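Enquirer: Sequence:
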Amino acid sequence: MKNRYSKAAIAASVSTLVGLSLVGCAPQTSTETPETLETPETLTVWYNSATLEAVTDAFSAWEEETGIKLELVAIPSDDFVNATLTRWATGERPDLMEWYPAQSLALQVDPTNTMQPLTDLPFVERAGELYDSGLKINDEVYVAVTTFPAQFGLYYNKEVLEAEGIAVPTGLKDLTGVCDALSGTGVATIYESGGSEWPLQVFPMLYTADSNVDGSYAGAVATNEAAIDDVDSPFLEGLNFYKELQAGGCFNSDATTGTFENAFQALLDGTVATTLLQSDVSEVLVAAAGGDRDLVDERIGWVPIASEAPVSSVFLNTIGAFYAPKTGNEAREQAALDFIDWLTSVHYQEFVDATAQPPVLDGAEGPTELSALNAIFADSFYNGKTTLLLNSNIAGMGSFGTEMNKLLNDQSTPEETARAIQAQIGQASVAAGLPGW
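Positions in the sequence shown are counted from 1; adding 24 to them yields this note's numbering.
Heads up, a few of these hints could be off.
Said to hold, decoys possible - Keeping only pairs whose Cα atoms sit at most 30 Å apart, straight-line, the calculated DSS-like set for lysine-lysine is: (1) K93 to K267; (2) K182 to K350; (3) K350 to K93; (4) K350 to K160; (5) K93 to K197; (6) K160 to K409; (7) K350 to K197; (8) K409 to K267; (9) K182 to K160; (10) K182 to K93; (11) K409 to K197.
What the hints assert, rightly or not - Cβ-Cβ distance ranges computed for the label pairs, FRET-style: (12) L96 to D156: 28 to 36 Å; (13) A107 to T280: 19 to 27 Å; (14) V370 to E153: 31 to 39 Å; (15) E62 to K430: 23 to 31 Å.
Bear in mind the hints are in silico, worked out from the structure with no lab data behind them.
Keep in mind it's a predicted model, so treat the numbers as computed, not measured.
Even glycine gets a Cβ: it sits at the ideal position worked out from N, Cα and C.
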């Protein structure tokens, strides 16, 4: 019997829906390199250092199966966006790279001119409506999404909250009460990762999620009908509330230098009560627990969250999302396409099994059992209220960690932060010639 899992409630700013259909059917077979091309000895791969073990295992399996060596270049996850774009700006090009599917960041590498189209590869037809959610650029697919969507929400230590008789927050505004209850206990309410920088973006985007369930707020910003620095914008309201929590002593004492990896260790140790991060880095949490999933399930919970409501912000992350840059070497370009086709076809079931997550392509069976944490993620996605993460399809808003770092370090005000980010949006939108600009 075929099994279908679907979620058709993610409203994108382009007024389309993401629907992931996971139907049991025979996967397509991989394409073959044309006989006129010599098999290259090596391919260069840029990947996020926090990628899943299933991804690095796939690299090894490909090498063993084809004899093509993959020269792996790990881009540090702490500064993945800036580090990748800096390399990219020099003209350096890998043969394969993990990079973000959402247009806000995809456009920064100019895929129509720099990436090989993947539109004709078989996996696109097996992705259901996924690529109709604003992931196509000029009607072409440039990225192969292979992993379950990331959801941003609140990780929390069950034992800490239970010990103090604190209810699990259902909205970010509840954190004020959590902070009051933990005052004097030596336990910080929220772990912030200023040393990693990118996690600082999470709070204001989640704060807006209940204003963006239908995608209307992001759509208005993307088309210049609204601005995130408007005096009544939910984004600016979130920045002001963020600073109120910081002033109230609700953050970890090393918030300006802490890292997201240390956030998970502190959460496990019970020195902090919560941290705001996405579902697809949960394996870092498991690693912090020494691989003990039962310990993680015993101590750690997760909830979708927005300013006042349990809304899950969905994001198609860089993990397992592959592009094939144009390098000018025809044999290497074809081999890169072959890797993507192989990963999404003959190797895909093994890959899904290794991720222990539901698949996003038809033809693969999901796990029969999930860890407690992964079951929460799946239930939230399939049965809860969801929206695309605010910056998914707003040009120029792909990364604003630097501006948030200034805010955290009292080098700017919430109003100045919002204005700086809005200026980035305007500049990128005008450059791209988007409607409304």
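Enquirer: Need the status of pair K350, K197: alpha-carbon distance at most 30 Å?
Expert: violated (47 Å)
Enquirer: Is the Cα-Cα distance between K182 and K93 30 Å or less?
Expert: Distance ~45 Å between K182 and K93 Cα, so the pair is violated.
Enquirer: Regarding the pair K93 and K197, is the alpha-carbon distance no greater than 30 Å?
Expert: Answer violated: K93 to K197 is near 51 Å, above 30 Å.
Enquirer: Given the hint of 31 to 39 Å, is the C-beta distance from V370 to E153 inside that range or not?
Expert: violated (24 Å)
Enquirer: Is it true that the CA of K182 sits at most 30 Å from the CA of K350?
Expert: With Cα atoms ~48 Å apart, K182 and K350 exceed 30 Å; violated.
Enquirer: Is the straight-line distance between the alpha-carbon of K409 and that of K197 30 Å or less?
Expert: holds (18 Å)
Enquirer: Please verify whether K182 and K160 have alpha carbons no more than 30 Å apart.
Expert: Violated. K182 to K160 sits at ~41 Å, over the 30 Å cutoff.
Enquirer: Does K350 pair with K160 here, judged by a C-alpha cut-off of 30 Å?
Expert: holds (18 Å)
Enquirer: Note whether the CB distance of E62 and K430 lies within 23 to 31 Å or breaks it.
Expert: Distance hint for E62, K430 is violated at roughly 51 Å.
Enquirer: Just tell me: holds or violated, for the beta carbon distance of L96 and D156 against 28 to 36 Å?
Expert: Because 32 Å falls inside the window, the suggested range holds.
Enquirer: K409 and K267 were given as a pair; does the straight-line alpha-carbon distance stay at or below 30 Å?
Expert: holds (27 Å)
Enquirer: Hinted pair, alpha-carbon criterion (30 Å max): K93, K267. Please report holds or violated.
Expert: violated (49 Å)
The earlier numbered hints that this structure contradicts are 1, 2, 5, 7, 9, 10, 14 and 15.
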